[in-house]
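Engineer: As a plain string of letters, each chain reads:
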Amino acid sequence: MCGISGLMLTQPGDIGRRLVQMLDGVQHRGPDSTGFAVYHEDRGGPLLCRIYLGCPGDSSQARAYRDKVLAIIANHGGKVLNQRFELEHLRLELQYQGEVKALCYDIENGAGVEILSMGACLEIIKSVGSAFEVDRAYNLSGYRGTHGIGHVRLATESVVDVSRSHPFWAYGFNDVAIVHNGQITNYHKMKRQLEKKGLQFRTDNDSELIAVYLADKLNAGRTLDEVLEESVHELDGTFSFLVSTLDAIGFAKDVLAAKPMVVLERDGMIAVASEEVSLQRLFPGESLSTYEPYPGTFKTWHKSTLARVA
Amino acid sequence: MAQIDARSSSITEVNRTVRKLSGNGEEIVISNPDARHLLCVGVLQPARVRILGSAGYFCGGLSDGPEIEVLNNVGWGLGDNMISGAIVVGQHASAIAGVGMRDGTLVIRGNMGSRAGQVMKGGLILCGGNANFMAGYMMMGGRIVICGDSGRSVGQNMINGAVYVGGKIEDLGADTQRIDLPASEEDEIRALLDRYEIKAPKAFRKIVSAQAGHHYATYERGESAQADERPRPKQIALPGELWTPRAVEEITVKAELGRYRVRGYGSFREMPTFDDITFNFDPDIITGLHDVRSKCNLATKLGGKFGGKPLSLSMPIMIAPMSYGALSKNVKIALARASRLAGTATNTGEGGMMPEERAEAAQMIYQCLSGRFGFNPHDMQRADGIELYISQGAKPGLGGQLMGKKITAEIANIRGIPIGMDLRSPSRHPDVMGADDLVIKIEEFREATDWRVPISLKIGAGRLRDDIKIALKDNVDFIQIDGMQGGTGASSEVVTENVGIPSLAAIIQAINGLRDIEADGQLQIVLMGGIRGGLDAAKAIALGADAVAIGTAAILAAGCIACMRCHIGSCIRGIATQKPELVARLDIEEAAGRVANFLEGMATEVAAITLACGKTDVHQLDRSDLVALTPQAAAITGLPLRKASRRLVPAGGV
Numbered sequence: 001m002c003g004i005s006g007l008m009l010t011q012p013g014d015i016g017r018r019l020v021q022m023l024d025g026v027q028h029r030g031p032d033s034t035g036f037a038v039y040h041e042d043r044g045g046p047l048l049c050r051i052y053l054g055c056p057g058d059s060s061q062a063r064a065y066r067d068k069v070l071a072i073i074a075n076h077g078g079k080v081l082n083q084r085f086e087l088e089h090l091r092l093e094l095q096y097q098g099e100v101k102a103l104c105y106d107i108e109n110g111a112g113v114e115i116l117s118m119g120a121c122l123e124i125i126k127s128v129g130s131a132f133e134v135d136r137a138y139n140l141s142g143y144r145g146t147h148g149i150g151h152v153r154l155a156t157e158s159v160v161d162v163s164r165s166h167p168f169w170a171y172g173f174n175d176v177a178i179v180h181n182g183q184i185t186n187y188h189k190m191k192r193q194l195e196k197k198g199l200q201f202r203t204d205n206d207s208e209l210i211a212v213y214l215a216d217k218l219n220a221g222r223t224l225d226e227v228l229e230e231s232v233h234e235l236d237g238t239f240s241f242l243v244s245t246l247d248a249i250g251f252a253k254d255v256l257a258a259k260p261m262v263v264l265e266r267d268g269m270i271a272v273a274s275e276e277v278s279l280q281r282l283f284p285g286e287s288l289s290t291y292e293p294y295p296g297t298f299k300t301w302h303k304s305t306l307a308r309v310a
Numbered sequence: 001m002a003q004i005d006a007r008s009s010s011i012t013e014v015n016r017t018v019r020k021l022s023g024n025g026e027e028i029v030i031s032n033p034d035a036r037h038l039l040c041v042g043v044l045q046p047a048r049v050r051i052l053g054s055a056g057y058f059c060g061g062l063s064d065g066p067e068i069e070v071l072n073n074v075g076w077g078l079g080d081n082m083i084s085g086a087i088v089v090g091q092h093a094s095a096i097a098g099v100g101m102r103d104g105t106l107v108i109r110g111n112m113g114s115r116a117g118q119v120m121k122g123g124l125i126l127c128g129g130n131a132n133f134m135a136g137y138m139m140m141g142g143r144i145v146i147c148g149d150s151g152r153s154v155g156q157n158m159i160n161g162a163v164y165v166g167g168k169i170e171d172l173g174a175d176t177q178r179i180d181l182p183a184s185e186e187d188e189i190r191a192l193l194d195r196y197e198i199k200a201p202k203a204f205r206k207i208v209s210a211q212a213g214h215h216y217a218t219y220e221r222g223e224s225a226q227a228d229e230r231p232r233p234k235q236i237a238l239p240g241e242l243w244t245p246r247a248v249e250e251i252t253v254k255a256e257l258g259r260y261r262v263r264g265y266g267s268f269r270e271m272p273t274f275d276d277i278t279f280n281f282d283p284d285i286i287t288g289l290h291d292v293r294s295k296c297n298l299a300t301k302l303g304g305k306f307g308g309k310p311l312s313l314s315m316p317i318m319i320a321p322m323s324y325g326a327l328s329k330n331v332k333i334a335l336a337r338a339s340r341l342a343g344t345a346t347n348t349g350e351g352g353m354m355p356e357e358r359a360e361a362a363q364m365i366y367q368c369l370s371g372r373f374g375f376n377p378h379d380m381q382r383a384d385g386i387e388l389y390i391s392q393g394a395k396p397g398l399g400g401q402l403m404g405k406k407i408t409a410e411i412a413n414i415r416g417i418p419i420g421m422d423l424r425s426p427s428r429h430p431d432v433m434g435a436d437d438l439v440i441k442i443e444e445f446r447e448a449t450d451w452r453v454p455i456s457l458k459i460g461a462g463r464l465r466d467d468i469k470i471a472l473k474d475n476v477d478f479i480q481i482d483g484m485q486g487g488t489g490a491s492s493e494v495v496t497e498n499v500g501i502p503s504l505a506a507i508i509q510a511i512n513g514l515r516d517i518e519a520d521g522q523l524q525i526v527l528m529g530g531i532r533g534g535l536d537a538a539k540a541i542a543l544g545a546d547a548v549a550i551g552t553a554a555i556l557a558a559g560c561i562a563c564m565r566c567h568i569g570s571c572i573r574g575i576a577t578q579k580p581e582l583v584a585r586l587d588i589e590e591a592a593g594r595v596a597n598f599l600e601g602m603a604t605e606v607a608a609i610t611l612a613c614g615k616t617d618v619h620q621l622d623r624s625d626l627v628a629l630t631p632q633a634a635a636i637t638g639l640p641l642r643k644a645s646r647r648l649v650p651a652g653g654v
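If you're matching them up, the sequences are chains A and B in order. Just so we're aligned, residue 1 is where the first sequence starts under this note's numbering, counting upward by one. Just so we're aligned, residue 1 is where the second sequence starts under this note's numbering, counting upward by one.
Keep in mind the hints are simulated off the structure, nothing from the lab. One thing to keep in mind: the hints can contain errors.
[Claimed, not checked] Anything over 10 angstroms on all C-beta distances counts as not near chain A; from chain B, calculated:
| hint | residue |
| --- | --- |
| 1 | Asn24 |
| 2 | Glu26 |
| 3 | Tyr57 |
| 4 | Lys301 |
[Claimed, not checked] Covered by chain A, according to a simulated footprint, are these stretches of chain B (three or more residues, beta-carbon under 8 angstroms):
| hint | stretch |
| --- | --- |
| 5 | 34-41 |
| 6 | 70-83 |
| 7 | 87-98 |
| 8 | 463-476 |
[As the list claims (entries may be wrong)] Some but not every residue of chain A turned toward chain B, in silico, with C-beta under 10 angstroms:
| hint | residue |
| --- | --- |
| 9 | Gly25 |
| 10 | Gly30 |
| 11 | Val100 |
| 12 | Ala102 |
| 13 | Gly110 |
| 14 | Val152 |
| 15 | Glu157 |
| 16 | Asn186 |
| 17 | Thr238 |
| 18 | Glu275 |
| 19 | Glu286 |
| 20 | Ser287 |
| 21 | Thr290 |
| 22 | Tyr291 |
| 23 | Glu292 |
| 24 | Lys299 |
Values in this document were obtained by computation on a predicted structure and should not be read as measured data. Idealized CB from N, CA, C, for every residue including glycine.
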């Protein structure tokens, strides 16, 4: 039960600051935690990895976790180019050519930490508290990039903590993240199917399923449109979700249309949110021409073709 | 012209200004609305308002009389429950425009979202563009005109009223039919569109209810002569514990009806009750107790957390919500009077606030249910508390049922439905699809009452450990929890007997849920569902409730003899019936006196127990005062199984 927002720009811009504003606009839908998945401009650089430690970065416990993580990366033949602690996060830049999933599973299972995100451009930052609080703590406003999605959470079943906050990174798949409003009711059955394929989950949160489910299909070579179309039929329950990849943002909406979504497409950007009040934060005082997607539908926007949206 | 800049004021300030300026004919212009929610909620006088931009959820909701123009878009629930007035939207409206409206006009020049006009009772919705799916879902009256295309299931389960579609119809909803519309009616629709300068399509198709859903296809015994003539099934008795006589009866009755069985009262199955726990005071203390009421504080305040005036009760016991419809007018008046005599509060239940009941009650909670029957913003102003019903213990997940025999002309008029239909209320609120919407709905009620009264939630006990956390985050003043033993005037028996958890487990789950997030004490809890007397009440309070409410016990005190004819409306005591000759059997004064006596008796029991536990204030009772009598109750409550050995010195030297 939550609010979601997403934004894509044709030119790299202050994506972090804008998402903070958009999420503050829907904060009433989710006071528990706030999270962001932002995509830096693709510079073809090293992998970015953000790890949640659960303890302050200046503690000896944090340093012990870091040492374990670094050892595991070295074991996999990876090379850490840069590292720094940010509050309870460890941010790494690494060179790594091998299979990401194997590395991630080893880091989590071996070091007992939690990877928030990994990818060429993706960084996920999430924490309990409001959009402005998370911004103050992690300086989201400083993030520039091309696109991003965000989420405010009102926990209904699983616990209020960082692990169960959104966005969910598709654990083991570079640069894929989702934010979800609703409840997936065939979660247990679908999760079991994916587990049988050897995929791992970190939480008991139904939304994590969407991320792994979509990424697994994308990884098999399907297009984002194909994957979203299937998700409308294969996922049961209520959902309005956003998915983001290296170069695209997409949404899917369940057939019951139980969860709201409003879209703004205009020169230079697309913006999606649970409520128009979130979109208005980008253009205070302006009259916006928005639309609501129909139930049981999906749509994608790609960086390369966004310029054509008018 | 008066100007309000919405950016520099809170929504509450904007609405207060609009209300203050309303009624004097001046135009009010709201600038920088930026799609914020709850603009112009609770405007109860004529007012002319222009909103320069987009408005959010519930624009003009719970209003009577305003004329509002919105330049751009609006969010969910435009004109929610509107009594009269007109709202014109320049572009699009989101889902459930006109939800529950009674009269007035909504004009949407662009498209409108799903479920427009859900449970509307009257009035007119004009849509210049396309409508998303299920326009007119469960509508009970009024007209919806869609100039463009209509999405799936238009008119789904509509009860009354009409939907007109100019464009393509994707498909018709369940229980609807297309009928020809006379030229005069088409002219009238065109004239309406002309008035708002909306281009009319070439032709309209008219969709109305097929009325198959107005009545159950088969009747229960006692409901119709035909049903009574059915041959009685043979009594079958099989050995063993599986095919009990009751299980066999269930099968034969369902074989007759082809559906679930409907009946009143509550669950009759065995389950843990408050009898399975007891107080661990020394019995000797009781001999020393006298004049207990003067020595023990029972006063209870409910609400006030958000600045509203709390309910101020002489005892931690209220009357539970029961509708006028399920119950007769006489017994509703008697319950209201009894609540006043005992210094406590009563509750309207579903189906609106009866003026005679309001006049008798000193404090009254006004319930809002999914069908919005008889719910209106004027009665909200007369209420001492507003309660949003999510579900009830006797039928969690289902709406109310009121069989046709009880829908008299008066009740049909209050509720806005056809006389004599078998009414099945919607199972969920049109505008609360999740906890995230609920938070906005609760705030709408606060705006409509200008934050003056407590707002509570009523929830049938199921997954309370989760639900109570949601209730806390949704900013309600208190929560009324209804256990599985809660009563009903009519419900599907299979649900009554099988869905939910017992009240004893419910209060434990609720308390544990709050403790999980270190929020114990931050949300007041009222427990109901099978509370039979002061002992049950005191035990509930010791386990963590702030108060209890009685329903079944109250009508038993009023004279109910459990004849089990509530659902067919033939209650021989005049309690659960609308037949005038039966209603007349209930003497209001006598019944009120008996219920008031019972409340006083319960209060005295609670006071005696509190003193016996060595305390002088009922709200000081806690878990340490209790022990479990059965291993099952110990497992549910976590209370120690054996009687504690400590001796207590009663307070106040009694």
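Engineer: Against each hint, give a clear statement of whether it holds in the structure.
Structural biologist: Here is how each hint holds up against the structure:
1. The claim that Asn24 of chain B is not at the interface with chain A holds, since no C-beta of that chain comes within 10 angstroms of its own (minimum 28 angstroms).
2. No Cβ of chain A approaches the Cβ of Glu26 of chain B within 10 angstroms, the least distance being about 24 angstroms, so the stated non-interface status holds.
3. The non-interface label for Tyr57 of chain B is inconsistent with chain A: the shortest C-beta to C-beta separation is roughly 8 angstroms, within 10 angstroms.
4. No Cβ of chain A comes within 10 angstroms of the Cβ of Lys301 of chain B; the nearest lies about 26 angstroms off, and the non-interface call holds.
5. Closer than 8 angstroms: that is the beta-carbon criterion, and the stretch 34-41 of chain B has 4 residues meeting it against chain A, so the requirement of 3 holds.
6. Counting residues of the stretch 70-83 of chain B whose CB lies closer than 8 angstroms to any CB of chain A gives 5, which reaches the minimum of 3, so the coverage claim holds.
7. Beta-carbon proximity to chain A at under 8 angstroms applies to 4 residues in the stretch 87-98 of chain B; the threshold of 3 is reached and the given coverage holds.
8. For the stretch 463-476 of chain B, the proposed coverage by chain A is satisfied: 5 residues have a C-beta within less than 8 angstroms of a C-beta in that chain, meeting the threshold of three.
9. A cut of 10 angstroms between beta carbons decides the hint on Gly25 of chain A: the least distance to chain B is about 8 angstroms, and the hint holds.
10. Annotation: interface hint on Gly30 of chain A holds; nearest CB of chain B at approximately 7 angstroms, less than 10 angstroms.
11. About 33 angstroms separates the beta-carbon of Val100 of chain A from the nearest beta-carbon of chain B, more than 10 angstroms, and the hint is not met.
12. Using the Cβ-Cβ criterion of 10 angstroms, the hint placing Ala102 of chain A at the interface with chain B is not satisfied: the shortest such distance is roughly 36 angstroms.
13. Because the beta carbon of Gly110 of chain A sits about 31 angstroms from the nearest beta carbon in chain B, more than 10 angstroms, this interface hint is broken.
14. Restraint check, Val152 of chain A versus chain B: the minimum CB separation of about 9 angstroms is within 10 angstroms; hint holds.
15. Against a cut-off of 10 angstroms between C-beta atoms, the interface hint on Glu157 of chain A holds, since the closest Cβ of chain B lies about 5 angstroms away.
16. A hinted interface residue such as Asn186 of chain A counts as satisfied when its beta carbon comes closer than 10 angstroms to some beta carbon of chain B; here the least separation is about 18 angstroms, so the hint is violated.
17. With a cut of 10 angstroms, the hint placing Thr238 of chain A at the interface with chain B holds, because the nearest CB-to-CB distance is about 7 angstroms.
18. Because the closest C-beta pair between Glu275 of chain A and chain B is about 6 angstroms apart, less than 10 angstroms, the hint holds.
19. Look at Glu286 of chain A: its Cβ gets to within about 8 angstroms of chain B, closer than 10 angstroms, so that hint holds up.
20. Among the interface hints, the one on Ser287 of chain A holds; its C-beta lies about 5 angstroms from the nearest C-beta in chain B, closer than the 10 angstroms criterion.
21. With a cut of 10 angstroms, the hint placing Thr290 of chain A at the interface with chain B holds, because the nearest CB-to-CB distance is about 6 angstroms.
22. Proximity of Tyr291 of chain A to chain B holds as hinted, the smallest CB-CB distance being about 7 angstroms (cut-off 10 angstroms).
23. Of the supplied interface hints, the one on Glu292 of chain A holds, with its beta-carbon coming within about 5 angstroms of a beta-carbon of chain B, less than 10 angstroms.
24. Residue-level restraint check for Lys299 of chain A is violated (minimum Cβ-Cβ distance to chain B is 16 angstroms; threshold 10 angstroms).
Consistency with the previously given hints fails for numbers 3, 11, 12, 13, 16 and 24, ordered from lowest to highest.
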